[in-house]
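Peer 1: The lines below spell out each chain.
There are 2 protein chains.
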Amino acid sequence: MIDPRVVKGFRDTLPHDEYLRSQVIQKLAGAFYLQGYQPIDTPILEYTETLLGKSGGETEKQIFRFRDAGERDVAMRFDLTVPMARYIAMHKEELGLPFKRYHIAKVWRGEKPQRGRFREFYQCDFDLVGSSSPASDLDILLTAYESLQTLGITEFTIEVNHRGILREYLEKIGAVEHTVFILRTIDKIDKVGQELVKSELAQVLSDGIVNQLYEFLFPEKEVESLLEHMTSVLGLDSPSILHMKLIFNAVKNLDLSHAFQFNPKITRGLDYYTGMVFETFLSGDRMLGSICSGGRYDNLLSLYGKESISGVGGSIGLDRLLTSEKCLQLLNITTPPKVFIYHNTDGYTQAYSLIKALQRIGIVVEMYPDAKKIDNQTKYAIRRGFSQAIFIEGNGYTLRDMTKKESVKDLSLEMVVSRLQEQYLG
Amino acid sequence: MIDPRVVKGFRDTLPHDEYLRSQVIQKLAGAFYLQGYQPIDTPILEYTETLLGKSGGETEKQIFRFRDAGERDVAMRFDLTVPMARYIAMHKEELGLPFKRYHIAKVWRGEKPQRGRFREFYQCDFDLVGSSSPASDLDILLTAYESLQTLGITEFTIEVNHRGILREYLEKIGAVEHTVFILRTIDKIDKVGQELVKSELAQVLSDGIVNQLYEFLFPEKEVESLLEHMTSVLGLDSPSILHMKLIFNAVKNLDLSHAFQFNPKITRGLDYYTGMVFETFLSGDRMLGSICSGGRYDNLLSLYGKESISGVGGSIGLDRLLTSEKCLQLLNITTPPKVFIYHNTDGYTQAYSLIKALQRIGIVVEMYPDAKKIDNQTKYAIRRGFSQAIFIEGNGYTLRDMTKKESVKDLSLEMVVSRLQEQYLG
Numbered sequence: 001m002i003d004p005r006v007v008k009g010f011r012d013t014l015p016h017d018e019y020l021r022s023q024v025i026q027k028l029a030g031a032f033y034l035q036g037y038q039p040i041d042t043p044i045l046e047y048t049e050t051l052l053g054k055s056g057g058e059t060e061k062q063i064f065r066f067r068d069a070g071e072r073d074v075a076m077r078f079d080l081t082v083p084m085a086r087y088i089a090m091h092k093e094e095l096g097l098p099f100k101r102y103h104i105a106k107v108w109r110g111e112k113p114q115r116g117r118f119r120e121f122y123q124c125d126f127d128l129v130g131s132s133s134p135a136s137d138l139d140i141l142l143t144a145y146e147s148l149q150t151l152g153i154t155e156f157t158i159e160v161n162h163r164g165i166l167r168e169y170l171e172k173i174g175a176v177e178h179t180v181f182i183l184r185t186i187d188k189i190d191k192v193g194q195e196l197v198k199s200e201l202a203q204v205l206s207d208g209i210v211n212q213l214y215e216f217l218f219p220e221k222e223v224e225s226l227l228e229h230m231t232s233v234l235g236l237d238s239p240s241i242l243h244m245k246l247i248f249n250a251v252k253n254l255d256l257s258h259a260f261q262f263n264p265k266i267t268r269g270l271d272y273y274t275g276m277v278f279e280t281f282l283s284g285d286r287m288l289g290s291i292c293s294g295g296r297y298d299n300l301l302s303l304y305g306k307e308s309i310s311g312v313g314g315s316i317g318l319d320r321l322l323t324s325e326k327c328l329q330l331l332n333i334t335t336p337p338k339v340f341i342y343h344n345t346d347g348y349t350q351a352y353s354l355i356k357a358l359q360r361i362g363i364v365v366e367m368y369p370d371a372k373k374i375d376n377q378t379k380y381a382i383r384r385g386f387s388q389a390i391f392i393e394g395n396g397y398t399l400r401d402m403t404k405k406e407s408v409k410d411l412s413l414e415m416v417v418s419r420l421q422e423q424y425l426g
Numbered sequence: 001m002i003d004p005r006v007v008k009g010f011r012d013t014l015p016h017d018e019y020l021r022s023q024v025i026q027k028l029a030g031a032f033y034l035q036g037y038q039p040i041d042t043p044i045l046e047y048t049e050t051l052l053g054k055s056g057g058e059t060e061k062q063i064f065r066f067r068d069a070g071e072r073d074v075a076m077r078f079d080l081t082v083p084m085a086r087y088i089a090m091h092k093e094e095l096g097l098p099f100k101r102y103h104i105a106k107v108w109r110g111e112k113p114q115r116g117r118f119r120e121f122y123q124c125d126f127d128l129v130g131s132s133s134p135a136s137d138l139d140i141l142l143t144a145y146e147s148l149q150t151l152g153i154t155e156f157t158i159e160v161n162h163r164g165i166l167r168e169y170l171e172k173i174g175a176v177e178h179t180v181f182i183l184r185t186i187d188k189i190d191k192v193g194q195e196l197v198k199s200e201l202a203q204v205l206s207d208g209i210v211n212q213l214y215e216f217l218f219p220e221k222e223v224e225s226l227l228e229h230m231t232s233v234l235g236l237d238s239p240s241i242l243h244m245k246l247i248f249n250a251v252k253n254l255d256l257s258h259a260f261q262f263n264p265k266i267t268r269g270l271d272y273y274t275g276m277v278f279e280t281f282l283s284g285d286r287m288l289g290s291i292c293s294g295g296r297y298d299n300l301l302s303l304y305g306k307e308s309i310s311g312v313g314g315s316i317g318l319d320r321l322l323t324s325e326k327c328l329q330l331l332n333i334t335t336p337p338k339v340f341i342y343h344n345t346d347g348y349t350q351a352y353s354l355i356k357a358l359q360r361i362g363i364v365v366e367m368y369p370d371a372k373k374i375d376n377q378t379k380y381a382i383r384r385g386f387s388q389a390i391f392i393e394g395n396g397y398t399l400r401d402m403t404k405k406e407s408v409k410d411l412s413l414e415m416v417v418s419r420l421q422e423q424y425l426g
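From first to last, the protein sequence lines are chains A and B.
Quick note: the first sequence uses the numbering used here, first residue 1, plus one each step.
Quick note: the second sequence uses the numbering used here, first residue 1, plus one each step.
I should point out that these hints are in silico values taken from the structure, not numbers from a laboratory.
Please note: incorrect hints may appear among the correct ones.
Since copy identity is lost for identical chains, a pair holds within one copy or between any two.
Stated by the list, open to error - In silico DSSO-like links for lysine-lysine, alpha-carbon gap of 30 Å or less:
1) K191 with K106
2) K373 with K245
3) K92 with K379
4) K188 with K326
5) K188 with K265
6) K265 with K326
7) K8 with K92
8) K92 with K112
9) K106 with K8
10) K252 with K372
11) K356 with K27
12) K106 with K27
13) K373 with K92
14) K252 with K409
15) K112 with K326
16) K373 with K252
17) K245 with K356
18) K245 with K372
19) K92 with K338
20) K106 with K61
21) K252 with K356
Given the sequences, and given the hints that come with them, work out the whole structure.
Peer 2: Written out as structure tokens, the structure is:
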């Protein structure tokens, strides 16, 4: 006898949650497609060398890696970006560049299981590969905006930064070798606060430099425009500032300034971002964390020795959206109306034209799969959440509101259909 | 430098094919849901003992099995039925029985790669668990019928049999110990022919018994009804025959006789079917093989020592549908209309209200992500298959039919939208 259990760190999804997720995925896929992004699919297994490249490190400890029956060293993907790079390297000619893709699928990481974190989870990525223009950054930012709107999430701020701003500044003051360390440390400001970050930076940089840096990034005195303040330091020809200004000008002209904000605290800890980076916060719930993040990365295909190709992408935090009560309310996913049909032994045949007529107008219709006692059928109908039921009586039908416990008798098929249509579908 | 390649036996899916597949999956999910089936999800990894149970054998050789970082013996699922059994054993109280579920997801088998067969493929299952009534068999058969209809596949025959008929017959003639062997052998009739199967059977059974069996299953002289012919042998109280008669009576009353047929040659090779079995063939293309198969299985949860629970299910051959030219034509998946917008450096901002207006009516709108030369933009638009383009000229718009190479100038935004709406959306 075997004990039925789920592998540690994994989980089942019950019908209601799976319905929700599938509806959200369907809406997002529709939004991406409408913005010109195309769906792709890749195998869940890749050669380990494809996934790890030269990096290894933390990732190596987390991946599910094994030898297949042919002794091939393979592993389950831990994200959708590395497989995309491999995919583009192989199919570049057929796809053509620039190429816009989306991919909503599971990935696996052997992280220490903790509350709300699982070893199997969804990623929901959209990327524009093969262009480094500000317009392509804007394409990603607007797609982030549009896809959240499509889900019914309308109140949020997309906070944008450009990692080049810090790099240019550090070049100017001769501290460029600390760029990665500083980016990673600043990334923690929201969690631990400006003071703690300051003292952490002071372990590597002189107090003077830290103070200068803070004055550059987070000026003490109120400034009208942070970008202008930074321009006064980096000069009018700073490429990163010009890039940001183009984006924020466009956002302003599009009347979307309420949804976008320049924020130098957003740095994204990951090493591979090289330009614009962004995170998205639900209005009034910053604690939830970012619900859509991304940025620009260069040298996507460098692992394969191909020419340098730049890309920019975003990722929607699907699991985060689906576990936040506030988000779930906003998502407002409704299930189709449903009706239960009571039947006796002949039920199936007699009920069929009724079932067809109702399904045709989008109503879910179910019968109990045995012609059992009325009580059994009622128990099933209540458990499945039906609030309307139909009894077949001779050639007529009785429509019963199971919540109000009221019945209307002697209806024709047409009357049943039109009553339900009116009630449910306006 | 790493060579970008796909693991042996696996494959990438290009955008057009992935779009097709996602549309078919969405339609099938919608059809299943409308018939009262609910979506579930399970992890792709299971404990190996969950997947293999006591069986092992052929399956064991084919699964992707390994030890995770915690030394757990785990494996990638090779079908969706075993995980469903584990799922129901664990969540039976929350789900309640009978329970109708669908699950459309990938499974993995390390089979020898051959043309058109891959180690990663989709299964598309619907099951009704916890009832053994003929009505639940009928529910599965009608759901098979409805879901194919939903896809636009209207001309097919669902061929139905009951494995109990053969078992009852063999009990009667005292050869019941050969049931499994005979079922498996008869399963090959379509491939190798009646004569070869006859000689294979004769290696185990006497010629007399083989002849009797053939006279029972495939009577030489024309019979009006095969079920009546079998009744004359097994008697009026044969449970399997009565079960079949109930189903075919219902089918007849539902006016669906054209789509269903009793066929004793359908036995399904797999051991675990115990009652009704079926396969579905596209009219005029039996060579394609069955596009939807299934049957009744008992003791779904026997592995977990729980009470005996019977189920019935079907599975749509998604990969088969998507690789058959004939099926693809029938599926008739259309992509939304799409329009390309030429732009200069200011393009994004200026084009945005146009983009919004067109997306709102379901038209895919794209721009080249750089304000590059017209030629680059045209090359991109042609490669992406756009046949309509819009040029922004001052406050007006020029609409260009890229196939006919005809332009209409000086249009307002409203005129562009209404022209495209008329052209594409009637």
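Peer 1: Going through the earlier hints one by one, which of them does the structure break, listed in rising order?
Peer 2: No hint contradicted; all consistent.
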